[in-house]
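S.K.: Chains as they are written, first to last, in my numbering: chain A, 1 to 302; chain B, 1 to 263.
Among the hints, a few may not be true.
The list that follows gives simulated cross-link-like pairs (lysine-lysine, BS3-like), each with its CA atoms no further than 27 Å apart [what the hints assert, rightly or not]:
{"no.": "1", "chain 1": "B", "residue 1": "K98", "chain 2": "A", "residue 2": "K128"}
{"no.": "2", "chain 1": "A", "residue 1": "K135", "chain 2": "B", "residue 2": "K32"}
{"no.": "3", "chain 1": "B", "residue 1": "K258", "chain 2": "A", "residue 2": "K115"}
{"no.": "4", "chain 1": "A", "residue 1": "K11", "chain 2": "B", "residue 2": "K258"}
{"no.": "5", "chain 1": "B", "residue 1": "K258", "chain 2": "A", "residue 2": "K128"}
{"no.": "6", "chain 1": "A", "residue 1": "K135", "chain 2": "B", "residue 2": "K258"}
{"no.": "7", "chain 1": "A", "residue 1": "K115", "chain 2": "A", "residue 2": "K29"}
{"no.": "8", "chain 1": "B", "residue 1": "K98", "chain 2": "A", "residue 2": "K141"}
Think of the hints as simulated: they come from the structure by calculation, not from any bench.
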Amino acid sequence: MPPVIIAEELKKTYGTTSAVDGIHFTVHKGEIFGFLGPNGAGKTTTMKLLTCVSPRTSGTLQVLGMDPDTEPAAIKARLGIVPQETNLDPDFTCHANLVTYAGYFDIPRDQAAKKADELLEFVQLQDKRDVAIDKLSGGMKRRLILARALVNSPDLLILDEPTIGLDPQARHLIWERLKLLQAQGNTVVLTTHYLDEAARLCDRLVIMDNGRILVLGSPADLVKEHVGDEIVEVEHSIEIVTCLEKTGIRFEIFGDTVQIVTTSARDVARTLFEHCQPKKMITRPATLEDVFLKLAGRTLKE
Amino acid sequence: MTLMTLFAIPRVSYRAWKVWYRNLFVFIRTWKVNFFPPFIEAFLYLSAIGLGIGTYVGSIDGIPYVNFIAPAILAISVMNSAFFECTYGSYVRMYYQKSFDAMIATPLSIEDVIAGELLWGATRSVMYVAIMLPVLAAFGVISLPASLLAIPLAFIGGLMFAAIGMCFTGITPGLETLNYPAYLFITPMTLFSGTFFPLALLPAVFGYIAVLFFPLTHLVAAMRMCTIPDFSPAILVHLSWMVAVTGVLCIVSINLMKRRLIV
């Protein structure tokens with residue numbers, strides 16, 4: 001089966017700044033593929049290139065076997081797009097929003113009306129069918145946008161920060177729906193800076209920074225490869241640091257905590273208890289967040 | 001932006017009508033709000049300027065004053081409805097409602113979206129005129145059936161002012177700066193385009209400026225020939241002027257909006 005997206009040496013420059021600086025990736029049918037990265041990493045720009053909204057500066061890009069430069073309408077007819085900004089039509093009710101949007105895809109009106117009702121149920125908004133957009137909460141709006149992205153039964157769903165600013169219930173509902181869509185054979189591409197979201201949803205993901213891809217892989221592989229299995233954290237004090245130096249355990253200091261990456265947290269914990277008398281100690285599995293902070297750095301990006 | 005890209009013929013598809021239809025749908029849903037302004041406006045103009053001032057003026061070139069200004073009322077409405085629809089209206093849909101972003105995530109292209117907005121602006125003008133005509137006819141200040149030609153004329157004039165408005169929308173930094181063309185271009189044009197008095201009353205230079213730079217001049221002149229009615233071959237000059245300017249500005253406005261929205 002040919003890949004759903006192929007990007008090679010993909011570049012997008014604005015004046016002298018490169019928003020996307022020569023990235024390579026391939027997305028296969030049926031997978032959830034994530035783009036992770038700090039603000040300004042180039043995630044949204046990449047989404048704009050994929051969704052045929054921005055023309056690329058150079059490189060090759062194929063979406064569903066077609067080139068966005070030459071066949072944007074044919075590609076967009078088969079995409080479902082969830083933008084970062086809420087851009088529902090404020091002049092319409094929930095149902096009319098979906099029906100009007102379906103019209104842009106040449107879907108006949110009666111068919112669109114039926115599909116709209118199904119989708120409202122899918123995102124649990126059937127009670128809000130005839131309610132105006134400005135009466136919806138933020139979570140409801142995001143759910144309606146997800147429903148809107150599905151009106152044309154897309155082959156590829158592209159979501160830019162789908163759960164930004166949502167409460168836990170609304171996030172879980174969106175996650176669950178995305179998993180369901182994947183189970184039905186859909187391909188999903190999403191950006192996020194919630195690491196738990198990426199770890200939970202994505203089959204494979206890339207971490208981007210400064211317009212480049214730093215790493216690509218499955219969440220579990222990335223954690224294993226770039227951080228390790230487990231992490232022990234103890235408080236940062238002179239006694240602990242001198243003690244650790246004596247035992248020869250490798251450690252890193254981040255603010256008020258000392259971190260030790262290990263394959264066996266138990267052994268490290270025992271050694272620490274026996275020799276260093278820590279006041280506070282936590283052992284935990286390594287997460288994508290550790291990979292992210294290691295690769296993208298701990299300093300704040302603006 | 002080079003001149004080549006500014007005047008390049010945009011690729012517009014049948015999907016432009018979907019944008020037009022979306023606007024029509026909103027318009028119909030709020031028809032009460034949309035129906036009364038043209039109705040009231042016709043009454044206000046006729047009674048204040050026509051019957052009020054008209055009592056002192058009497059007639060112009062043998063035409064009762066109120067009959068003289070009736071076509072101007074139509075032309076000004078054509079201008080205002082299309083121009084304001086495609087400036088403030090389009091800007092709000094583009095910038096605040098993000099409607100254009102939502103539309104171009106579908107098979108619609110930005111060219112389709114802007115073409116649809118222009119067609120809609122022209123349609124607003126046609127509707128405005130269609131609602132005003134019966135009022136003017138009831139007052140007996142226009143003659144039928146020649147005045148029915150005001151409807152197709154409203155479409156040409158409407159498309160022209162829609163394109164002019166969209167050019168400003170394409171370059172305006174914000175919503176407030178749209179006040180500049182509204183006050184510095186539309187208002188003088190309303191007064192000095194042979195609307196409420198013949199241009200011949202002013203020094204010749206005003207006439208030249210009006211004919212060259214005020215599109216409304218041509219619309220008022222053509223409109224007046226239809227409603228009096230008093231056709232002369234000059235109508236062909238006015239029509240050609242409007243068609244040419246409309247064609248060029250539709251292209252330019254789409255390209256300006258494309259430059260603004262596609263980066």
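S.K.: Regarding the pair K98 (chain B) and K141 (chain A), is the alpha-carbon distance no greater than 27 Å?
M.R.: holds (14 Å)
S.K.: Between K98 (chain B) and K128 (chain A), does the CA-CA distance stay at or below 27 Å?
M.R.: holds (22 Å)
S.K.: Assess, step by step, whether the Cα of K258 (chain B) is no farther than 27 Å from the Cα of K115 (chain A), and give holds or violated.
M.R.: violated (32 Å)
S.K.: Does K29 (chain A) sit within 27 Å of K115 (chain A), going by the straight-line distance between their CA atoms?
M.R.: holds (24 Å)
S.K.: Can the restraint linking K135 (chain A) and K32 (chain B) be considered satisfied, given a maximum Cα separation of 27 Å?
M.R.: Holds, at roughly 23 Å.
S.K.: Holds or violated: K135 (chain A) with K258 (chain B), Cα cutoff 27 Å?
M.R.: violated (33 Å)
S.K.: Does the structure keep K11 (chain A) and K258 (chain B) at a Cα separation of 27 Å or less?
M.R.: Roughly 21 Å separates the two Cα atoms, so the pair holds.
S.K.: Please work out if K258 (chain B) and K128 (chain A) have their alpha carbons no farther apart than 27 Å.
M.R.: Judged against 27 Å, a Cα distance of about 36 Å means the pair is violated.
Hint compliance for this structure: hints 3, 5, 6 are not met, and every other hint is.
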